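Novice: What follows is each chain in one-letter form.
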Amino acid sequence: MSVTADYEGRLVDVMIFQGVKPGGMVPLTQSLTDPPENGRVCTGIQKLAQRWVLELLTIKGSMKYLPDRGTDFLGELQAGRLRTEADVQAAFLRAMVDLKKNLAAEELDTTPDDERFALANLIGIVIQPGGIIRLSVDLYSQAGTSRKVILPLSVAGV
Amino acid sequence: MPIPLPDFNTLDADTVTQAYAYITQRTREFDPGVETMRGAVHDIIVYLEGIYAAAAEQYATTLEQSGSLLAIENNPELADDSVVDGLLSNFRVVRNPGEAARGQLVIVLSAFIPSNLPSGTVFTTQGQSFVTETPFSGRTSPSSVITDQDRLIRPVGNGTFSYTIDVVASSAGVSGMLRRGNKVEPVALIPNFVSAYAESDFTGGVNAETNTDLVTRLRQGLSARDVSNRDTIAALVRNTEEFANIVALSTVGYGDPEQIRYHGIMPVASGGRLDVYVRTQGLPQSIRLERRPVLIQRTAEGAVWQFSISRDEAPGFYDVAKVVKAGDDETTAGYEATLIRGIDMTDDGSGFVPDVLTLLEGSYSRYQTAIVQFVDPTTDPQLAVGSRADYLAFPRALPQIADLQNFLGSRGVRPAAGDVLVKAAIPCDVTLSFVVYKVAGQADPDVTAMATAIANTVNATGFIGRLGASKLVSVAHQFLAEGQTLGPIDLFGTIQRPSGKPYYLRDRAALTIPDQPTNELSGRTTVFYLDPTDVSISVLVADVPAV
Chain U
1 MSVTADYEGR
11 LVDVMIFQGV
21 KPGGMVPLTQ
31 SLTDPPENGR
41 VCTGIQKLAQ
51 RWVLELLTIK
61 GSMKYLPDRG
71 TDFLGELQAG
81 RLRTEADVQA
91 AFLRAMVDLK
101 KNLAAEELDT
111 TPDDERFALA
121 NLIGIVIQPG
131 GIIRLSVDLY
141 SQAGTSRKVI
151 LPLSVAGV
Chain H
1001 MPIPLPDFNT
1011 LDADTVTQAY
1021 AYITQRTREF
1031 DPGVETMRGA
1041 VHDIIVYLEG
1051 IYAAAAEQYA
1061 TTLEQSGSLL
1071 AIENNPELAD
1081 DSVVDGLLSN
1091 FRVVRNPGEA
1101 ARGQLVIVLS
1111 AFIPSNLPSG
1121 TVFTTQGQSF
1131 VTETPFSGRT
1141 SPSSVITDQD
1151 RLIRPVGNGT
1161 FSYTIDVVAS
1171 SAGVSGMLRR
1181 GNKVEPVALI
1191 PNFVSAYAES
1201 DFTGGVNAET
1211 NTDLVTRLRQ
1221 GLSARDVSNR
1231 DTIAALVRNT
1241 EEFANIVALS
1251 TVGYGDPEQI
1261 RYHGIMPVAS
1271 GGRLDVYVRT
1281 QGLPQSIRLE
1291 RRPVLIQRTA
1301 EGAVWQFSIS
1311 RDEAPGFYDV
1321 AKVVKAGDDE
1331 TTAGYEATLI
1341 RGIDMTDDGS
1351 GFVPDVLTLL
1361 EGSYSRYQTA
1371 IVQFVDPTTD
1381 PQLAVGSRAD
1391 YLAFPRALPQ
1401 IADLQNFLGS
1411 RGVRPAAGDV
1421 LVKAAIPCDV
1431 TLSFVVYKVA
1441 GQADPDVTAM
1451 ATAIANTVNA
1461 TGFIGRLGAS
1471 KLVSVAHQFL
1481 AEGQTLGPID
1491 LFGTIQRPSG
1501 KPYYLRDRAA
1511 LTIPDQPTNE
1521 LSGRTTVFYL
1531 DPTDVSISVL
1541 VADVPAV
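Chains U and H, in that order, give the protein sequences.
Under the working numbering, residue 158 is the last one in the first sequence; the count climbs by one each step, no gaps.
Under the working numbering, residue 1547 is the last one in the second sequence; the count climbs by one each step, no gaps.
Warning: the hint list may mix true and false statements.
Computed cross-link-like contacts, SDA-like style, restricted to lysine to any residue with a CA-CA straight-line distance of at most 25 Å [what the hints assert, rightly or not]:
#	chain 1	residue 1	chain 2	residue 2
1	U	K60	H	I1051
2	U	K60	H	A1055
3	U	K100	U	S146
4	U	K64	H	T1027
Everything labelled a hint here was simulated from the structure, so no lab data went into it.
Quantities reported herein were computed from a predicted structural model and do not represent experimental measurements.
Build out the structure end to end from the sequences listed, making use of the hints.
Specialist: In structure tokens, the structure reads:
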């Protein structure tokens, strides 16, 4: 369980996914609050994971006046161009090029290593009936800490 | 009432970037413990606040650029029209929204049967629309012509029949000023329709005032309204309702070499003489005069006819564009006319005439007259010298020259120590041509609209002395698509000097009015005219190499 001391000297962000546990696989809900609680803040690898997910799933060019933010991954997925696991793998790798560049561009010299993106390994792709693709990703920071992220994404034409 | 911020989707990207960086910095300063990198705080607060801040800054900049006369004069294009209107309302100056041109169309039919056009009938030409404000009925019998909307159908003489209707342009501006003979097309089918054209030059079309126009009018409006100096003369004229739409004035007086009306014994400038050159509208209008010239001579080319034009029939006219035999198609080229100018300085009933002794001094004023001669090779060889026949003459003149002379020359207005002579600006008739290069497969640009826009730009100028091609290029560029370019512009100008001898200009960079003040010719006395039909635009496919 995290304590206040864990956040001393750290920059915190508001958590956009509720239900996070320190260990184990748990479903998350995309929400700023988790009633009856008023929401949580995050730092460290959790904050990096949040940044990473936001950057991956933002369609490049969709943020007005920030045309370089995001990746093409979700756009390609929704356009139906990813039909096989190989397609998904290739698109994911392409997305990591933009993602790594974008996250690095906003990191400061004072950003702790456990909040700096190092690499993401796509360790599993499951294509489920009903147009769902489940990606399992091991996300690593430059401090060596990691977090497994499982992304169920709804796609077209799969 | 909320601040009317600009559309968030149309902000300047650099402004947003700077605002975003500023908000990020200020957020970090305010709470050093909050993350401003990509995340909830960034996406929900910092990013959106950056856009809002940029919109507010853009609004503030607009206010700054529009909120003072100095700022508006420095950059009238950037000033927001609504803010300028508000600022100038403090001085009781209201923007002229412009006026739509009005005129008559001739409807030509193939059959001599009644014709009805409802109110709202639309005709189009050159990208402009013209509409009837009332219904019109073409009647075949004079006894059926009862109301103003009843028009008698007359035989044209070639198996067709015609009647006239009144129309108004659908939008305000000089672009609706059709010229005599300009053809129009009806939008809806008209039974037995053959063709339609402008019966005479349209009048009354005025562009909406720009911010520059408003500030200029304000300066004149604040001036005293008398003939003591150039600003006050302009203020006097423009604040008289009848002359409010005059395009430009230039006053030539004491100390100006163009002022040659000094008739003292000693060859020195004595003062007391004002020549007011004026451009009352964008293009001169064509006046239709019915004449009964006399056959004065027979030559190898044909019969030489002669008639006169008095000072009241076409005050300040420039020339006679053509002469057409009565009954012939008035849109044809007609016969070329030559002029022997004169002046008539007899009292016109006003009790005052300016001091004008020579033809040069009185040229293009309301006191100008002319003897006109033309050769008609089709004249019946049996017709004896001294015979008369019916013809139509079409002198070209600016309107209101006589009216302005009467106004400025009136006892209560003219300077007590001198006189005022109003003269139509010396014309420099411009023609130009250029090539538009497009990429293979591209659609042609709208060359008609391009030509009209270029002509309107030229015809909105005053006494500028120099017409630069670069300005016209910038106008033409607005009609080009990506990848399209312009070739050099060939500018050609013909100055109809008061002496009668034309002066030609030709250049690709600019037409510059020569400085010949002893002939009253200079940038102070001369304006540029450009008819859209004198703009020649060719479209070619550019030879782009395959890469």
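Novice: Next step is simple, just say for each hint if it's right about the structure.
Specialist: The hints, checked one at a time:
no., hint, result
1, U:K60 - H:I1051, "holds, 18 Å"
2, U:K60 - H:A1055, "holds, 23 Å"
3, U:K100 - U:S146, "holds, 16 Å"
4, U:K64 - H:T1027, "holds, 21 Å"
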